[in-house]
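Peer 1: Per the numbering used here, the very first residue in the sequence shown carries number -19; after that it's consecutive.
Possibly wrong hints are sitting among the right ones.
[To be verified] DSBU-like, lysine-lysine: derived pairs with alpha carbons at most 30 Å apart:
1. K597 <-> K383
2. K456 <-> K503
3. K298 <-> K389
4. K597 <-> K212
5. K294 <-> K273
6. K580 <-> K387
[Unchecked claim] Listed next, with one range per pair, are the computed distances between beta-carbon atoms:
7. D263 <-> D584: 46 to 52 Å
8. N(-5) <-> G138: 29 to 35 Å
9. Q548 <-> V365: 33 to 39 Å
10. R338 <-> N262: 48 to 54 Å
11. R246 <-> D139: 18 to 24 Å
12. T528 <-> K597: 21 to 27 Å
13. G112 <-> P475: 44 to 50 Å
14. K178 <-> G272: 54 to 60 Å
15. D166 <-> K515: 29 to 35 Å
16. G112 <-> D139: 27 to 33 Å
17. K51 <-> Q26: 50 to 56 Å
To be clear, the hints were calculated from the coordinates, so they are not data collected in a lab. Don't be surprised by glycine CBs; every beta carbon is placed ideally from N, CA and C.
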Amino acid sequence: MTKKVKSLFKEKLPNIILFVLLDFLVLILASTFAIWIRFDLGNVPQPFLHNSYQFILIDFLIIFAIYSIFKLYTSVWKYASIIELIDIILANFLFEILTYIYKLIFDISMPRSYYLIEFFLLVMLTCATRLGYRVARTLHIKFETQKKNVKTMLIGAGDAGRMVIDEIYNNGDICDSKIVCVVDDDKNKVNHYIKGLKIEGSTKDIEMLADKYRIEEIIIAIPSASKETIDKIVTECHKTGCKIKILPSIYLSMNEKTTSVISQIRTLSYEDFLGRDQIIVNDNQIKESLNGKVVLVTGGGGSIGSELCRQIAKANPKTLVIFDIYENNAYDIQQELLRDFPDLDLRTIIGSVRDYDRLEVAFKQFKPELVYHAAAHKHVPLMEVSPNEAIKNNSLGTLNAVKLADKYKVKKFVLISTDKAVRPTNVMGASKRICEMIIQTYDKISKNTDYVAVRFGNVLGSNGSVIPLFLKQIEKGGPVTVTHEKMERFFMTIPEAVSLVLQAGCYAKGGEIFVLDMGKPVKIYDLAEKLIRYKGYEPNVDIPIKITGLRPGEKLYEERLMEEEGMQTTPNKLISIGKPLDIPKSFLNDLDKLIKAAYKNNNDIKEKIAKIVTTYKIDKERVGK
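Please model the entire structure based on the sequences and the hints provided.
Peer 2: Right, dumping it as structure tokens:
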């Protein structure tokens, strides 16, 4: 029995004991009244009266077993419906049949009509006990509700909104919210009532209604709404200065009765109104591809790598190996996984992908079947200053991992790439393009391994990304620094990006560059404004936004694909395949020379990179400092 099950059982134990005692009393009453009703409340023959009491314990054991099978002791009676009523009828019908059979076998004489009368009495009295419990609880909650003092506005009068109202009303002991106002954009609902609460207006009236009812808290309960819709609603909510909470879209996948709506409501985060709509992947396919496998994740302590480890751990791999040079990051994800997945065979190795011999330890010892290569330097401005390090870590590191994957017969090797590899204007992007070329070259050479790359844009909240920087700047009172007013980037949450990476891995046949649909690009200036409002400030009033100019190697717009690469579809419309470009036969030889030059720390390394990556344009206007 798991800790969760034990905890749930312990929580419900008092109610179970209560219902068991009530059912024993109900059985005695039903049996007594049944025999008396059979004889028109007159003189009951002594043998019948004796038999109705003598075997009451046996009858109760039977009814207890049947009620347990039908889960009449563990059902959530505050949500009781017609299904529970049918269960009560069926359970008592089965009870009467069994008691009739065993009394017939043992020659225990009772009138046949007795069983029918007892059946109806049991159904009525059992329903009465459950209904009585519900009524008593409702009265208690109603009393507790009067104590609530957090005036709350509910946005959304659909099914989710109804559930939120019910949950808040039914959980007065754990929730301080008191809904006093409901809004919905459906004109047919405005001025009507939901659960006794008037729908006062639309989302355009949020600021006015918040002021009218002195709202302190707003709950957005529209889990099916698009990111664009949520963004507009959040913009209106920010004008009120109220605390904002949300029922996230993930709640749509939860259909168990026991799932608490309140437990899913959380404080609004920037991921709720940035990024894109909910991404759907084939979870079963992903789990099947990882289940029982030995999986190695390089850079497993980083933003992408750690999330890869989390999602892989859920799929029950045989062994998960984390390889990372940064011991603090590796330690953090190690401890998290050991806590959340105590049965996971987790191995953590500290080492650099530059070090072939150290990396080989992981391959030789554990013989991974799947490798996700996430180890890389990714900070564009820093790599402009230290271009040789980008080649050493990104390109050489990938080459080492690819060689070892072939040597130790890894089935699939997945490279985490970037949209900056497309017509790169910076060293980081060019080094990742070289990584893609390594993948496609070795896929043709290797007879053991399918090599693929997955290319996507920026992820929300990753280490070194713009959002953590903006949030720190806001925390310090500003200014928030934006390099250019027109700069745009594609964004996706880390879990979403990783789930698509794992899905792409399922489609891999070898040599593909998978391109993720990142949705619409986001203007960085707009992003800064939204984050400032998210923190409760007014842009350029409370917190200034400062334009600083493009950094070395920085593009105004990112691309996902070069025109000449074409585009192929996959079963998931959010994942496409770029057609491989021709790679010169001299590539590996040229790469070897480039790596040797990097270790000599040559000053002309960018020019040497450009000879290999012909689409790379050196940014000569903005030199790294």
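Peer 1: So, for every hint listed, does it hold in this structure?
Peer 2: How the hints compare with the structure:
Restraint check for K597 and K383: satisfied, since their Cα atoms lie roughly 29 Å apart, inside the 30 Å limit. For the given pair, K456 sits about 23 Å from K503 by alpha-carbon distance, which is consistent with the 30 Å threshold. Restraint check: the Cα-Cα separation between K298 and K389 comes to about 17 Å, which is no more than 30 Å; the hinted pair holds. For the suggested pair K597 and K212, the alpha carbons sit about 39 Å apart, so the restraint of at most 30 Å is broken.
Proposed proximity of K294 and K273 is supported: the alpha carbons are some 12 Å apart, at most 30 Å. For the suggested pair K580 and K387, the alpha carbons sit about 28 Å apart, so the restraint of at most 30 Å is met. At roughly 49 Å, the beta carbons of D263 and D584 sit within the given window of 46 to 52 Å. Taking the beta carbon of each, N(-5) and G138 are about 31 Å apart, inside 29 to 35 Å as hinted.
Taking the beta carbon of each, Q548 and V365 are about 38 Å apart, inside 33 to 39 Å as hinted. For R338 paired with N262, a C-beta distance near 36 Å fails the hint of 48 to 54 Å. At roughly 19 Å, the beta carbons of R246 and D139 sit within the given window of 18 to 24 Å. Checked against the hint of 21 to 27 Å, the C-beta distance between T528 and K597 comes to roughly 22 Å, which is consistent with it.
Our hint of 44 to 50 Å for G112 and P475 holds, since their Cβ atoms are close to 45 Å apart. At roughly 56 Å, the beta carbons of K178 and G272 sit within the given window of 54 to 60 Å. Roughly 31 Å separates the CB atoms of D166 and K515, a value that falls within the hinted 29 to 35 Å. Range check, G112 to D139: Cβ separation about 28 Å, and the 27 to 33 Å hint holds.
In this structure the supplied range 50 to 56 Å is violated for K51 paired with Q26, their Cβ-Cβ distance being about 39 Å.
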